[in-house]
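Build out the structure end to end from the sequences listed, making use of the hints.
There are 2 protein chains.
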Amino acid sequence: MKTLEWNTLFGEGARRIQASTIRELLKLTQRPGVLSFAGGLPAPELFPKEEAAHKAAAILKEKGEVALQYGPTEGYFPLRAWIADWLGVSPEEVLITTGSQQALDLLGKVFLDEESPVLLEAPSYMGAIQAFRAYGPRFLTVPAGEKGPDLDALEEVLKRERPRFLYLIPSFQNPSGGLIPLKARERLLEMIMEGGLVVVEDDAYRELYFGDGRLPSLFELSREAGYPGVVYLSSFSKILSPGLRVAFAVAHLEAILKLTQAKQGVDLHTPVLNQMLVHALVQEDFPERLERIRATYRAKAKAMLEALDREMPEGVRYTRPQGGMFVWMELPQGLSAEALFREAIAQDVAFVPGGPFFAGGGGENTLRLSYATLGPEGIAEGVRRLAKALKGLLALA
Amino acid sequence: MKTLEWNTLFGEGARRIQASTIRELLKLTQRPGVLSFAGGLPAPELFPKEEAAHKAAAILKEKGEVALQYGPTEGYFPLRAWIADWLGVSPEEVLITTGSQQALDLLGKVFLDEESPVLLEAPSYMGAIQAFRAYGPRFLTVPAGEKGPDLDALEEVLKRERPRFLYLIPSFQNPSGGLIPLKARERLLEMIMEGGLVVVEDDAYRELYFGDGRLPSLFELSREAGYPGVVYLSSFSKILSPGLRVAFAVAHLEAILKLTQAKQGVDLHTPVLNQMLVHALVQEDFPERLERIRATYRAKAKAMLEALDREMPEGVRYTRPQGGMFVWMELPQGLSAEALFREAIAQDVAFVPGGPFFAGGGGENTLRLSYATLGPEGIAEGVRRLAKALKGLLALA
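Chains G and V are the protein sequences, given in the same order.
Just add 1442 to wherever you are in the first sequence, counting from 1, and you've got the working numbering.
Just add 1442 to wherever you are in the second sequence, counting from 1, and you've got the working numbering.
Treat the hints loosely; a few may be bogus.
Where chains are identical, the list cannot tell them apart; a pair therefore holds if satisfied intra-copy or between any two copies.
[As the list claims (entries may be wrong)] With a cut-off of at most 20 Å between alpha-carbon atoms, the simulated EDC-like pairs for lysine to aspartate or glutamate come out as follows: (1) K1601 - E1628; (2) K1830 - D1751; (3) K1503 - E1492; (4) K1505 - E1772; (5) K1469 - E1507; (6) K1469 - E1534; (7) K1503 - E1493; (8) K1505 - E1493; (9) K1833 - E1753; (10) K1833 - E1730; (11) K1444 - E1628; (12) K1503 - E1487.
Treat the hints as calculated values from the structure; they're not laboratory data.
Okay, here's the thing in structure tokens:
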């Protein structure tokens, strides 16, 4: 076979697209016997297998000509209308996307050029960093913790810079689990309105609260305030199934139109069967389903926190999530989460080192633990193994 | 509501993303009563509704934890392995994409920068032009007809230019229906190998031949010649269902790796259920299904050609397709296909004006007729209406 130097054939842009070293590491977590806190994989016991089987069969038999044919780029209208009704917007403001990951890519395509400033929390969702990075922007970051981004730091950045958009996950942030309190949401919105800025609010975990209810989203607050600059993203991945890849963006009509034009060029439309299936599944017992999901994750979070409180050595800090799927951990300064990862894998337990969640670097002593996938016993045993790995590493240090 | 000037908030890149005027026109074709030759919508009577209902239910019941969970970016391994076996390649060389449209976007992302030269046939697939245009390349074109691209013209272009890739649809081209003969494929491959160039071969219509069999693809010829530079695209859209959005790219491992990295950032993975469903559907009677599909389109093409031969006035030229879904028509010079479109819509018949298929402009007197969707009687009646519209326009001219 003749040899081609593919790297010389790719464009400049291809250099920005790299295999995440972290994703390579994560392949190790699929080894049999490994208890994994790594992937943010929803609890498989919550998947609506039987209902989906029944509904999918009915859809294909009765409306197969629609489910199997090309569909509109905007999405399957009854699903858009259902979402609009759920969120209190109009169906025309809803665009169905092939997972929220696609919405992130479309936002990059529409808003970002090379060297465009874009503002993220540090840490922020790795998949967003990856999607945006392909467009070559300049990342601005502000530190974020249990109460969301540092708003004083954000105010300082906004004095100097005008980011194309702010990408924020106000509720149960991935990876930090942070939740922006209501007052801070209001202050944030004021800053955004004053600057006439665009915010992308990623609300994938909106329904996974452990307390009495949801805080209003930035999007809801912005609508109340008559401000059209918040693009709202959410998904059925955490409440029905991630494998179906059905998510949605909600925004001002002009933004939705441009995102729709961009989507036409990237996959024509999200699979019709999947949209019809989601639409059928949300018709029945949806509030009860959400309650069941919240109860499950609440119990799993409790199991993890109890195990961490029992097992973790001094000097290790971790969050106590009020919702979502993640505990965020800080090791004592100087200790490397990647080094711990190698020790942990030897003990058959896995997590995600925190470094790649920082678009501007740093975070080497941080890590993300997902309690979403394993059962309570697996969680307890995994934390035991993790503590053992950590104590081994501390003994060496 | 406060007003934002969205056009000033979007990036430079967003200007390259436009609503195709043609797609706006096409909305008119969905009016009740319109007989449409416009969309390349596969014949709905060929959809495997019952089998899909049965298989989808079985998959969701028995393997719901896999079908509904996140999956690998590369694709569902059993489907990759099946495709590899079908095409005589290795599974690692196969990437599952969310429709071929996604493969086109990924190729743009990986190979094209602003002002990169990229070579297309004129006319070529509108969706490819749209996908590539988002990356701001410089389009080079060579005229193409019933026997594919003009290879002398191509040779001339390649003396002056080094395109990042050549995008070709060698078999039953969309929109022209063209088929590159074997000798020309061999000459083309020689030119490509001599230049060390990359070819993207879009073979969406590979199975829709009306004669005795398929010509070898450029990809197959390149493998025989030991040349790794052909990226092969095909899809289950025309042989099972477009609505499922399951397609694939096959290429040298280094190209597949880079495309996979790019795909991770754009939708994480193609829906798992859809891949499992396609895998289940190709296990049974697949050769018989392909025969049935070929027979159906062969009959539809015949119905359209008989009607055209009967109804069309002098001076109108059209192709006699040997496969695929399209007849390509040239009106007498000076006659506008868009003007005809307006007349035709008034007569309740629709088609796609050819202009947008020409990346470099031109083709105003051309149009595409799809015989895929309607039955023989609808085709005959549609052609009658089209002839009436055309005669009306000629009477005015």
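Structure-based check of all given hints:
no. : hint          : verdict
1   : K1601 - E1628 : within (19 Å within a copy, 62 Å between copies)
2   : K1830 - D1751 : within (14 Å within a copy, 81 Å between copies)
3   : K1503 - E1492 : both (17 Å within a copy, 6 Å between copies)
4   : K1505 - E1772 : neither (52 Å within a copy, 37 Å between copies)
5   : K1469 - E1507 : between (39 Å within a copy, 19 Å between copies)
6   : K1469 - E1534 : between (40 Å within a copy, 16 Å between copies)
7   : K1503 - E1493 : both (15 Å within a copy, 9 Å between copies)
8   : K1505 - E1493 : both (17 Å within a copy, 13 Å between copies)
9   : K1833 - E1753 : within (10 Å within a copy, 85 Å between copies)
10  : K1833 - E1730 : neither (42 Å within a copy, 63 Å between copies)
11  : K1444 - E1628 : between (62 Å within a copy, 17 Å between copies)
12  : K1503 - E1487 : between (27 Å within a copy, 13 Å between copies)
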